[in-house]
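Chemist: The lines below spell out each chain.
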Amino acid sequence: MVTPDAPGPSDADLLRSHVAGDSAAFGLLFQRHKDRLWAVALRTTCDPEDAADALQEAMISAFRRAKDFRGDSAVTTWLHRIVVNAALDRLRRRPARSVSWPADPDALETLLAQDGRGEPSPFVPSARPDSIDTRLDVDAALRLLPAQQRAALVLVDMLGYPVAEVAAILGLSEGTVKSRCARGRARLLPYLAHLRGDSAARGNRPVTDAVSPEGGGG
Amino acid sequence: MSGLHHPEQRHPERRHPDATALAEYRAGLADGLRGRRLAAHVASCARCASVSDQLAAVSSALSSVPAPPLPDSVERRITAALATEAALATEAAHAREAGLAREAVPAREAVPAREAVPAREAGLARDAGPAIVAAPAPSKRRVRLPRPVVVASAVAACLVLFGAVYLFGLARTSAGPASSAAGSSVSSGRSVSSPLAGVAARAAPAGSEPAFFVTASGTRYQPATLATQVRAQLAALGTEPGSTNSGALPAAARPSSRTASAAPSSTLAGCVLHLTNQVPPRLVDRATYQGKPAYVIAVPGRVWVVGPDCTASNPDLISSMGL
Numbered sequence: 001m002v003t004p005d006a007p008g009p010s011d012a013d014l015l016r017s018h019v020a021g022d023s024a025a026f027g028l029l030f031q032r033h034k035d036r037l038w039a040v041a042l043r044t045t046c047d048p049e050d051a052a053d054a055l056q057e058a059m060i061s062a063f064r065r066a067k068d069f070r071g072d073s074a075v076t077t078w079l080h081r082i083v084v085n086a087a088l089d090r091l092r093r094r095p096a097r098s099v100s101w102p103a104d105p106d107a108l109e110t111l112l113a114q115d116g117r118g119e120p121s122p123f124v125p126s127a128r129p130d131s132i133d134t135r136l137d138v139d140a141a142l143r144l145l146p147a148q149q150r151a152a153l154v155l156v157d158m159l160g161y162p163v164a165e166v167a168a169i170l171g172l173s174e175g176t177v178k179s180r181c182a183r184g185r186a187r188l189l190p191y192l193a194h195l196r197g198d199s200a201a202r203g204n205r206p207v208t209d210a211v212s213p214e215g216g217g218g
Numbered sequence: 001m002s003g004l005h006h007p008e009q010r011h012p013e014r015r016h017p018d019a020t021a022l023a024e025y026r027a028g029l030a031d032g033l034r035g036r037r038l039a040a041h042v043a044s045c046a047r048c049a050s051v052s053d054q055l056a057a058v059s060s061a062l063s064s065v066p067a068p069p070l071p072d073s074v075e076r077r078i079t080a081a082l083a084t085e086a087a088l089a090t091e092a093a094h095a096r097e098a099g100l101a102r103e104a105v106p107a108r109e110a111v112p113a114r115e116a117v118p119a120r121e122a123g124l125a126r127d128a129g130p131a132i133v134a135a136p137a138p139s140k141r142r143v144r145l146p147r148p149v150v151v152a153s154a155v156a157a158c159l160v161l162f163g164a165v166y167l168f169g170l171a172r173t174s175a176g177p178a179s180s181a182a183g184s185s186v187s188s189g190r191s192v193s194s195p196l197a198g199v200a201a202r203a204a205p206a207g208s209e210p211a212f213f214v215t216a217s218g219t220r221y222q223p224a225t226l227a228t229q230v231r232a233q234l235a236a237l238g239t240e241p242g243s244t245n246s247g248a249l250p251a252a253a254r255p256s257s258r259t260a261s262a263a264p265s266s267t268l269a270g271c272v273l274h275l276t277n278q279v280p281p282r283l284v285d286r287a288t289y290q291g292k293p294a295y296v297i298a299v300p301g302r303v304w305v306v307g308p309d310c311t312a313s314n315p316d317l318i319s320s321m322g323l
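From first to last, the protein sequence lines are chains B and S. First residue of the first sequence? That's 1 in our numbering, and the numbers climb one at a time after it. First residue of the second sequence? That's 1 in our numbering, and the numbers climb one at a time after it.
Note that these hints are calculated values from the structure, not bench results. Accuracy of the hints is not assured; some may be wrong.
Example chain S residues on the side facing chain B (calculated, C-beta under 10 Å, incomplete) [what the hints assert, rightly or not]:
id, residue
1, Asp53
2, Leu62
3, Pro68
Now the stretches of chain B that chain S is said to cover, found in silico as 3 or more residues with beta-carbon under 8 Å [what the hints assert, rightly or not]:
id, region
4, 23–31
5, 35–42
6, 52–61
7, 156–164
8, 173–182
Computed spacing ranges between beta-carbons, pair by pair [unchecked claim]:
id, chain 1, residue 1, chain 2, residue 2, range
9, B, Ile132, S, Ala263, 56 to 66 Å
10, B, Ser173, S, Arg34, 11 to 21 Å
11, S, Ala224, B, Pro146, 19 to 29 Å
From a predicted model like this one, the values you see are computed outputs, not experimental measurements. Cβ atoms here follow ideal geometry from the backbone N, Cα and C, with glycine treated the same way.
The following block holds chain B by itself, in its conformation from the complex:
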């Protein structure tokens, strides 16, 4: 799991240096993985403030617990685990004080459905296959998922980690990870199926058909 384009010491080297008292080593480790860890925190919490808090807590925690790292997983796996746990922990504590979280997921579903996109059929496609809309839709839809399901789906589908690694990060069996992802995909189907990713539109349903529902039969 050493980042291939990162020259110099490996993650494990940096962590060892940190434990040995090198005051710069952990900062380098953070620099090396900050964007991925941020993505994990942000996608798991669905809230930039919570994500920032979670990431900071996680990094401080990792800093202090580094000497307990046994090396039975990759350093990145260990870091991811700490970040995911901090994010989930933050979500558990959030309902008492949050305002940014949609109080009622059903309300959001209704909103999305009213937008004419609650229809699971691929033949009623979005007229706006543009990436900002995709991002907004994905952001909104992810909030519909239970946190544990979202954590798994975010790691596998959004960030592209192998199931085996996600299982190691989350401390679950691979079967459980697959199951959570499958349920999450099914849950998101009504909201995201029309998006189809960037240019991954299927060959038998060209985008030109998609922009004009009425002319679909033409």
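Please arrange chain S on chain B, whose structure you already have, making use of the hints.
Modeler: Relative to chain B, chain S alone:
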């Protein structure tokens, strides 16, 4: 597949698997007969084949959203927090090597070290948890402590007990709700080691300071920045964890010249020491949190925010987080 020609082929609207079943099938989770049936169904049912395609589209849509880079502001904040951690760790290491030997000399005669260490460790471990105790407190180096550190830990343990005994005195005079918390701490302290209680009692007349002081920094604490703001306050007070060079009492016990500070009311003292499990706090700051009056209380590894009417029996806890 030829052996699996089912009625649903003739009546495809019946017994369509739901999206979850199809998603599980796609994820390789449906095996045996169920898997074969699903495979046969999807192969022969246009509608379910379409749903299956849409499930692929969901994954594709998720993967198409680029991962946003870490915002600069967050990066600066975390980098600063890590730098603080690194400085504290260095400080603690230096204190262990240099400062402790100096303090150990007078302590060696007065304190029964072997009994004192568990008392201190129990007090911290109960509250702080294993994750947060790493760098700061020298006494948490559980494994094969060099002797000066053991003795210094004993000093620290003694001081914790001293604080509790002092509080007990406060609480008795006020007979407020604080008395239960402080009283129980004293009794637990005695059960750990009665010689220590004797040492603390003898020390009491000499040091007439309360267990901690309350600052009024006027900081407007906010949830997102609480940890950072607390660190800033700790830095302003010069209360580096593990720094033992400036005297016997824990740092928050010393008034700072830079910030207005005062001895706590017995009610507040009861509240604070109840929350900290009798560990003298590094910071008790009268301030605001989300615009409302609050006390912000910090020990190594944890911060509490409580309302102004906090008591030991009713802490009025607003927020709490690991530090």
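Chemist: Would you mind marking each hint as holding or not holding in the structure?
Modeler: Here's how the hints hold up against the structure:
Checking S/Asp53 against chain B: minimum C-beta separation of about 7 Å stays under 10 Å; hint holds. For S/Leu62, the interface hint holds, the least distance from its beta-carbon to any beta-carbon of chain B being 4 Å, beneath 10 Å. Checking S/Pro68 against chain B: minimum C-beta separation of about 7 Å stays under 10 Å; hint holds. Check on the region 23–31 of chain B: 5 of its residues sit with their Cβ under 8 Å from a Cβ of chain S, so the three-residue criterion for coverage holds.
Look at the region 35–42 of chain B against chain S: 6 of its residues bring a Cβ nearer than 8 Å to a Cβ of that chain, three or more, so the hint holds. Counting residues of the region 52–61 of chain B whose beta carbon lies closer than 8 Å to any beta carbon of chain S gives 8, which meets the minimum of three for the stated coverage. Using a Cβ-Cβ cut-off of 8 Å, 4 residues of the region 156–164 of chain B lie near chain S, which meets the minimum of three, so the contact claim holds. Taking a C-beta to C-beta cut-off of 8 Å, the region 173–182 of chain B contributes 5 residues in contact with chain S, enough for the three needed, and the coverage statement holds.
A hinted range of 56 to 66 Å for the beta carbons of B/Ile132 and S/Ala263 is consistent with their spacing of about 57 Å. A hinted range of 11 to 21 Å for the beta carbons of B/Ser173 and S/Arg34 is consistent with their spacing of about 19 Å. In this structure the supplied range 19 to 29 Å holds for S/Ala224 paired with B/Pro146, their Cβ-Cβ distance being about 24 Å.
When each numbered hint is compared with the structure, no violation occurs for any of them.
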